[in-house]
Amino acid sequence: MSPDLIVQQALNGISFGALLFILAAGLSLIFGMMDVVNLAHGAFYMLGAYVTLQVVRSTGEFWPALIVAPVALGLLGLALEPTLLRRLRGRHLDQVLLTIGVGLVIVDLIGLFWGREIRTLPLPPGLDRSIDIAGNAYPTYRLFVIVFAVALAAILTYVHRRTAVGALIRAGVDDAEMLSALGVDTDRLFAVTFAVGAGLAGLAGVIAAPAFALSPGMDVDALIYSLIVVVVGGLGTLGGAAVGAWLVGPADTFGKVLFPQFALALIFAIMAVVLLARPSGLFGRARIGR
Amino acid sequence: MIRAAAAVAAMAALFAFPEWASGIEGSRYAETIVRDMLVFAVYALSLDLLIGRAGMPSLGHAAFFGSGAYAAAIASSRFGTDELAVSLVAAIVVASILATAIGLLSVRASGIFFLMLTLAFAQMAFAVAFQWNDVTGGSNGFSGVRRPTLAGMDLSAPDTYYRTVVVAFALVVALVWWIARSHYGRALAGVRENERRMRALGYDTARIKLSVFVLAGALAAVAGALSAWSFRFVATSDVGLGRSVEGFVMVLIGGAGSILGPIIGAAAVLYIDRVLSSAVPYSQTVLGVVFIVFVLAARQGIVGLARAAAVRVRR
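Respectively, the protein sequence lines represent chains A and B.
Be aware that the first sequence starts at 13, since it is given in my numbering, and climbs by one per residue.
Be aware that the second sequence starts at 3, since it is given in my numbering, and climbs by one per residue.
Because the hints were derived from the structure by calculation, they are not lab data.
Here a beta-carbon is modelled for each residue, glycine too, at the ideal position from N, C-alpha and C.
Possibly wrong hints are sitting among the right ones.
[To be verified] Derived coverage of chain A by chain B (criterion: at least 3 residues anywhere in the stretch with Cβ under 8 Å from a Cβ of chain B; other residues may be distant):
{"#": "1", "region": "153-164"}
{"#": "2", "region": "167-181"}
{"#": "3", "region": "194-202"}
{"#": "4", "region": "233-241"}
[Said to hold, decoys possible] Quick partial rundown of chain A residues pointing at chain B, CB under 8 Å, derived from the structure:
{"#": "5", "residue": "V49"}
{"#": "6", "residue": "D120"}
{"#": "7", "residue": "L121"}
{"#": "8", "residue": "T132"}
{"#": "9", "residue": "L276"}
{"#": "10", "residue": "A277"}
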């Protein structure tokens with residue numbers, strides 16, 4: 013590999029990692045609070061991408077989707093948590109199974125409404141060009157994804173560490189039962205957490221929509237990548253999602269260049285090594301067996 | 003006794019289906035549906051060894067179904083023989099090796115973590131099947147799979163192949179029935195109910211879990227091989243998450259931890275997938291909603307509901 017190519021692929025990897033962070037953050041947040049791996053996360057992401065398609069079709073603009081899709085997905089999460097998940101409170105495995113059913117329904121309905129063919133979206137105006145980096149043309153949209161993810165990480169970290177909501181979330185992740193005993197309405201907290209997690213999945217869908225094709229099956233890809241990220245980084249923490257994303261993104265990108273046949277196998281190999289060395293993930297808390 | 007007699011009668015009725023149904027219109031089509039229901043019943047029964055018997059919720063079972071399907075297909079096209087035993091052994095060996103590898107990495111975890119690990123590792127098998135064009139045919143799938151011969155007897159005619167599937171199904175049912183009643187089966191139930199206590203009693207629970215994981219993988223490979231011969235085709239979706247989810251849905255709708263449950267579940271899902279889907283465009287939504295309702299309100303599945311109803315009637 014020439015140095016130019018290395019720089020270019022490194023940027024690609026970081027950009028992909030940035031998307032993975034947005035995607036995995038929601039999954040990790042929901043797990044941290046509710047001990048539920050939301051297997052509909054990929055379907056939420058897919059729905060976010062298709063809402064983006066709809067927004068672009070209706071308004072001709074990409075940017076409103078950044079608000080519309082996360083809000084729509086957040087509302088969906090806000091509706092689903094009390095009606096479905098709450099009925100199985102305390103039965104974590106059954107809650108996980110429930111999300112499988114939710115995912116099946118969402119993906120099928122997307123196919124009904126928007127069709128099952130592969131679709132692409134144009135890059136948003138202003139970000140459809142390339143700029144010169146180290147003598148090479150580099151697409152600005154990928155740089156935008158990096159900047160966006162870093163800004164989002166900063167906001168999430170601020171909310172998490174410095175605000176009252178963040179304090180509640182941290183307390184809930186630590187010990188939701190104790191928080192409830194202290195008089196906090198954990199039902200509402202769980203609903204909001206689920207909504208925010210779903211909203212983040214939708215946001216990842218918006219960001220991914222102009223860069224990747226929209227098609228059935230994108231939900232599975234997203235789910236698998238985000239699971240790998242959180243397993244590597246450690247579930248339930250924002251830092252884990254970030255570390256996992258920055259590791260898996262570049263590894264996947266370089267893997268695809270160096271061994272195109274077995275790129276996916278490479279990130280699974282990373283996952284296997286991390287699991288053998290640190291079963292709860294690099295930044296995880298000891299949750300194995302729960 | 004009555005149960006065993008009923009089971010034998012049911013198997014005989016299934017075996018003779020081509021005869022007694024031959025006059026009925028659409029019986030050819032019905033025969034292929036029943037055949038595929040039985041193939042997937044084998045798959046669901048194998049997965050239930052993990053979910054229902056040992057309490058190991060695997061969401062990666064398609065890895066073994068699919069690798070078995072590919073191995074059987076490749077064996078008959080590369081080894082120069084269509085002998086059933088050769089292809090079947092190839093399927094079982096390949097899936098068992100894969101199950102040992104994935105099992106070693108995942109059986110230490112339990113519950114949700116086990117679910118995630120099996121899901122992720124199975125997706126690795128999917129990635130290999132998808133990208134390894136020369137061997138698997140990649141995204142085009144592996145077509146032109148030849149149905150096997152048994153000691154020189156050609157099994158490829160529809161009725162003959164149907165009966166082969168019935169026999170295989172009956173053997174797997176007998177095996178699962180025998181396992182459930184054996185000392186080993188009770189050890190699995192012990193691991194499911196309280197793994198720590200089993201360990202305290204001196205059982206090597208990691209070994210029990212790994213062994214049942216490999217056993218279930220091997221049986222799934224049998225289902226995969228049967229599927230490859232049924233459709234004369236293996237698709238990457240046979241190794242994909244969708245296939246794993248399908249198995250889970252079958253087991254849960256039918257009723258985990260029983261013999262009848264996975265069979266009924268497989269029949270129900272196949273009905274929705276094949277028959278209902280030709281009538282309405284939203285069959286997967288129906289499947290998802292049915293699954294959600296069962297998880298929410300009838301976690302014991304159709305068999306559990308029937309048992310509860312029977313208890314109520316007796317009172």
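Kindly indicate which numbered hints from before are broken by the structure, ordering the numbers from low to high. 1, 2, 3 and 8
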